[in-house]
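2 protein chains.
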Amino acid sequence: MPGMMDTVLNLGLNEDVVEALAKQSGDERFAWDSYRRFIQMYANVVLDMNTSLLEIQLEDLKEDLGIKEDYDIGGDDLRSLCQSFKRTVLEETGIKFPTDPKEQLWRAINAVFNSWDNPRAIKYREINNIPDDLGTAVNVQSMVYGNLGSDCATGVCFTRNPSTGEAGVFGEYLINAQGEDVVAGIRTPAPLNKFSLNEINENGETLEEQMAPAYKELQNICDLLEKHYRDMQDIEFTIERGKLYFLQTRSAKRTAKAALKVAMSMLESGAISEQEAILRVSPEQVEALLHPSLDPKYADHETAKGLPASPGAVSGVIALSADEAVELKEQNIDCILVRQETSPEDISGMVAAKGILTARGGMTSHAAVVARGMGKTCVAGCSALVIKEDENLIIINGHEISKEEKITIEGSTGRIFVGEVPTIESSFDDDFLSFMEIVDKYRVLRVRTNADTPKDTKTALKFGAEGIGLCRTEHMFFEPERIQAVREMIFSKTTDERKASLEKILPFQKMDFAELFKALDGKPCNIRLLDPPLHEFLPSEESDLKKLAELMGVTLSEIKTRVSSLHEFNPMLGHRGCRLGISYPEIYEIQIRAIVEAGLEIGEKGTSVESEIMIPLISTVEEFRLIKELALEIIDSKGDLPSNVNFKIGTMIELPRAAIIADEVAKEADFFSFGTNDLTQTTFGLSRDDSGKFLPAYVEMDILKEDPFVSLDYRGVGFLVEHATVNGRIGNPKIHIGICGEHGGDPKSINFCHKIGLDYVSCSPYRVPVARLAAAQVAIKSND
Amino acid sequence: MPGMMDTVLNLGLNEDVVEALAKQSGDERFAWDSYRRFIQMYANVVLDMNTSLLEIQLEDLKEDLGIKEDYDIGGDDLRSLCQSFKRTVLEETGIKFPTDPKEQLWRAINAVFNSWDNPRAIKYREINNIPDDLGTAVNVQSMVYGNLGSDCATGVCFTRNPSTGEAGVFGEYLINAQGEDVVAGIRTPAPLNKFSLNEINENGETLEEQMAPAYKELQNICDLLEKHYRDMQDIEFTIERGKLYFLQTRSAKRTAKAALKVAMSMLESGAISEQEAILRVSPEQVEALLHPSLDPKYADHETAKGLPASPGAVSGVIALSADEAVELKEQNIDCILVRQETSPEDISGMVAAKGILTARGGMTSHAAVVARGMGKTCVAGCSALVIKEDENLIIINGHEISKEEKITIEGSTGRIFVGEVPTIESSFDDDFLSFMEIVDKYRVLRVRTNADTPKDTKTALKFGAEGIGLCRTEHMFFEPERIQAVREMIFSKTTDERKASLEKILPFQKMDFAELFKALDGKPCNIRLLDPPLHEFLPSEESDLKKLAELMGVTLSEIKTRVSSLHEFNPMLGHRGCRLGISYPEIYEIQIRAIVEAGLEIGEKGTSVESEIMIPLISTVEEFRLIKELALEIIDSKGDLPSNVNFKIGTMIELPRAAIIADEVAKEADFFSFGTNDLTQTTFGLSRDDSGKFLPAYVEMDILKEDPFVSLDYRGVGFLVEHATVNGRIGNPKIHIGICGEHGGDPKSINFCHKIGLDYVSCSPYRVPVARLAAAQVAIKSND
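These protein sequence lines are chains R and X, in that order. Residue numbers in the first sequence follow the numbering used here, run continuously in steps of one, and reach 1386 at the last position. Residue numbers in the second sequence follow the numbering used here, run continuously in steps of one, and reach 1386 at the last position.
Excised from the complex, chain R in its bound form (with noise of 0.2 Å):
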């Protein structure tokens, strides 16, 4: 826990010592400035003084003497200083402040221990896990000073580059200066040998080159520790006249890609076994080194923040409208497709954007969900975003921004800028490749996809993904050609009008599924029928509708009509799912027929077809049969299948009575897929585009711990994912389980799903390195 808890330095100075010191060090200033700052940090830690009365007192002086720094008073204006700080102590605290080094010794131990009850270390142990009854050790080291003449020095280094991973001791040191001074940025530290130049330190001598055998010693030293901690280090040291000390030494904060690299040398040195290898990059890491970020040396004062939607990060102009987009991409410019929240009609300009900035939405926003998917960098909900369409430009944070004006966005942070910022690309290379090999073979659970095209297939395949565990079919629908005909079956007044519509659709759907099919090359595909509620289809602006009832050749009137009839309140809660389904069986026919036939074309080329078809938001069992016989039948109709084609009937758990009567669904399914998204909205009641305003206050007050959309709730949803889970395998003990809805990308939530036995996740195939990695390192875990 380094700074959660309390330390208390220079302990042992007295009036008696410090004259010694000086002496010592032939340096006044520096003894009675050590005097000085162990009475402020005493007072505060052991006495519990609100030392703010001393830094007025220190800061009073500096103003009577005219100077500016701490390091320019003198050494007798430090001692009368220290005399006043003592007795302002007396006063504050009524206690004298103790001369005996014992007595300052016993207290301090005893003031450290007790500051592990101060808020931020509980805080810190809270965030971390760490129980409150483990209790600390209190470390007393005796001090030594960098600074008591040429021969020595301080400085901090690591046992290899903590950006790239390289082998070699590396770091900054100063000579005859303390900790505090090389944090302070006063003076610039020089490199520790060669491998440590950069651009700033490159004119500073290294200490390899100033003090060889002390160097030496520090390379010696590193190199164990190394072996010891079996992990790279990140050190303190100082030299007191010529002899190395380490005052510190811990496990070193790391790049994701020094991570990588430090994990698998240190493998195949032998340092480490396979699972320590696992356990040392983290999932986060994993999905950094997927994507672009920006570059920490440019990035500094961020414009606005959004919620992190989707990783990578990118610059560009902002395009306000889909077609915008489209156009800008058509003349090789880059844009960031800006929207206050964006709708299936603004896919083409998601395709042509870098990126999405949306002004509203959560992290299950449509934006964050299609940006994800697409392995596209989001920005979603940033509330400081405010967007003149009709002007023509943008404010953030009262920045406006007009077009042909660049901005930059991050992902995995939300950060928002205003301008171009320098980025790193990704490193997805052979050493990648490898490790994600190694951790193939400790995971228990497999991992999937959400995929609807071919490309996101292959994408997600070249991750690793084995199947695809979510194909959203009605994103199928929106293809220019397509939604006409969607359009034309939602205004069709009879059942044969419907038909005529859809038989329109079926070659497009059964040409996508046969694609889909040889990509998968025989890995299970898990295709939903159509889910959301029809309005979803129908343009919203009034051109749109002008247009269309043109198209159709009805009037703009019927057109509203029919738009009007089919609002809903709840949308979310409304007619969709199985629902529409059931109430017109012939667009489940349509795309039953299509995953069936082409199912069979692709397996009479010679490739296996493993496909699951499955039914949406069902709440009882009795909408589940009414389907599965609806399939049954189309399935029957093709006759005997080949050996190589296979087909399952299941459904989404994505309501919490489907999660309660699991074991009848059970006895009638072969597979269930957990929707955990529209599962964590209908049990929190909780609607994902609505909670933007009030999520996170309540994260921030603590209401929450973290957004339930993108952690799964354990307590709540998980209690019915346990339930199904359980009661499912009671009901059918064949049964194959899955998660598809966000939280299959989820590290936490990964580590529940395995905990509970599911077969296997799936996420958008930017996140199946990040699933692979934390299922591997859940598997690891549970082991110990």
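Careful, some of the hints might be misleading.
Each pair may be met inside one copy or between any two copies, as identical chains are not told apart.
As the list claims (entries may be wrong) - Capping the alpha-carbon separation at 27 Å, the derived lysine-lysine pairs in DSS-like fashion look like this:
no., residue 1, residue 2
1, Lys1307, Lys1230
2, Lys1148, Lys1162
3, Lys990, Lys1148
4, Lys1295, Lys1230
5, Lys845, Lys1106
6, Lys1295, Lys1095
7, Lys688, Lys1008
8, Lys1269, Lys1307
9, Lys725, Lys1230
10, Lys907, Lys1095
11, Lys1295, Lys1162
12, Lys1357, Lys670
13, Lys1101, Lys1295
14, Lys1120, Lys1250
15, Lys725, Lys1149
16, Lys725, Lys1269
To be clear, the hints were calculated from the coordinates, so they are not data collected in a lab.
Please arrange chain X on chain R, whose structure you already have, making use of the hints.
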């Protein structure tokens, strides 16, 4: 199962027997006609033949003869017809029509046994929960004929008047006739006695006069049967040559009024016990007793049907807006408010109108809930209704109805009539009061009411409510003087502005609560803090928005911006309930202050106050804790409470997550109240406002046995209710648990509440007696 299984009449006839019967009766036509009927019935029931071929022959014969009625066909023609029938049977079935009476009998017995599995019987058993493996007996009765001469007769009688319940044999008969003739309505039946006289049969001579000995015997045996079966009987009898035969007896269907009268008089006579008397009146009958209903003599062909949202039967001219309804009321003209759906803005119109008719919305839509609360007749969700506001007319199933024209609606059946239909008044009499007193001795569940006004509260108390189970405070915000302050509050930009607006509402709220406490006189009063999203308080019409902008001194565009910023995609899952109370604590603060100050004021005057402060829509225990702390602070700020004033703090369980974590919540809460409307919505993922589009089809298709908003879904929603009850009691054994959703007034749901051990149910005032009876019945049945 009368009519559900098969029967074969006139069995035993063959040509020889028919000849003998013709001779004996002296009526050849009768004898051959009996044979003709037997062949038809036997072919249908026993030989499973499609008898339409026989029907056609009968029709052809009549056409050839140039006659219209069956009974005009002569004996000879019937004889030929019988022979032709038998030939057809042989051709169609390959079976020679059996002449041996024994063979006929055995085959008929078999067929009747098999009819246990006909679809009609299966459906009937399903509806009435009769087990399929119960099996049946087959009765073999010798035929008697009431048409062998003028010393024969046939009739139907009840042991009491089935309309009023008055004691005495009541029924009609025909001399020289068969049972069919009474039913067919060809001849007008005569009254059995003077007691049975009515407008239609008053010219007939009574059986008592015509066949005194048989009548006397009938009377004696009626008495005997009623005593034996301990219930009023519905009897079919035949007199053959002066001898009385009983064909059938069963418990008689009766009107609500008769059910009550019969139960009370049989109880008084000692024929049945109190428990039996209670079980003799159904909760639906109690409901009918409280409301007028349409006179069945005049209410034959409805124009359309909607949902039976709130009982009663009323006529009036149509009012298409709340203002119109109010104007008509001022002119003393009865009107029906006809709306697409109602919103809180329509309340004044709902109060003014005699009844409400809506085109959209389900059983728990705004119109339905508010109407039930008011005890006002309502038919909701009539899809055959089109409202043309600009043309000042409505169209019901093709019938144009202009203003000034009357319509009639019946809320217990959902029927809608063009024009005025006479009604039968309710009977809230002494018999009813004594019956309900007996009922209360047996029930375990307490019964409270959902009421927001002193008027509703007084109605409910008159009906036996034991307190308020749900006072919806938002309804109090819609009064004209208050809504302005509420809207100011919504448009406030700072907490202080918001507080200032709320201070204006405080005195009104305090007065509201004081009046409720006074009316309740110490009975518990559960008050729910503000629940709906803020946008519900804003006007929706452009003109009202303009008015509001003027009043608030802001531009229309500012108003519109605020309105659109409050827009939600799924308001049901949005920023409402305690989420509002957490975002704007000042709203709940003012409400709690109003409750506490009103309680203390009334307490001081010597009236006891038992107030329950209910926090809506919690999904986490932290939400509950936060608002509980706010409430405790306000209560504590008033110093020690007098002993006659109590405040409890609890929560609504209306989201699946709240039910799941009930054990934790219970540790903090004094009470739970299940909000099963919302819990049903979230458990099923089904918006009640939108469910009208497919829920009726779901019920029709048997996907759902019943509308889950009407009758609690035991398997799904009930699982959560039971889970929360069991775990809530583990978390806090003293917790008090009730239900306040619409299900609180539904007998089947009340059964469930009793079985899982809730403390009380709460329902709209007019359903309180229904709930009391249902609670007593389930308690009695559970003790069996």
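Evaluation of the provided hints:
1. Lys1307 - Lys1230: For Lys1307 and Lys1230, the Cα distance is within 27 Å only across copies (20 Å; inside one copy 40 Å).
2. Lys1148 - Lys1162: Intra 9 Å, inter 25 Å, cutoff 27 Å: intra and inter.
3. Lys990 - Lys1148: both (24 Å within a copy, 24 Å between copies)
4. Lys1295 - Lys1230: Between copies only: 23 Å across, 40 Å inside.
5. Lys845 - Lys1106: neither (84 Å within a copy, 76 Å between copies)
6. Lys1295 - Lys1095: between (40 Å within a copy, 16 Å between copies)
7. Lys688 - Lys1008: Intra 57 Å, inter 95 Å, cutoff 27 Å: neither.
8. Lys1269 - Lys1307: between (36 Å within a copy, 20 Å between copies)
9. Lys725 - Lys1230: Between. Shortest inter-copy distance 24 Å satisfies the 27 Å Cα cut-off; intra-copy 51 Å does not.
10. Lys907 - Lys1095: between (48 Å within a copy, 23 Å between copies)
11. Lys1295 - Lys1162: between (30 Å within a copy, 18 Å between copies)
12. Lys1357 - Lys670: For Lys1357 and Lys670, neither the intra-copy (60 Å) nor the inter-copy (80 Å) Cα distance is at most 27 Å.
13. Lys1101 - Lys1295: between (42 Å within a copy, 21 Å between copies)
14. Lys1120 - Lys1250: Within. Shortest intra-copy distance 18 Å satisfies the 27 Å Cα cut-off; inter-copy 65 Å does not.
15. Lys725 - Lys1149: neither (58 Å within a copy, 51 Å between copies)
16. Lys725 - Lys1269: between (47 Å within a copy, 24 Å between copies)
In terms of the numbered hints stated before, the structure departs from hints 5, 7, 12, 15, listed from lowest to highest.
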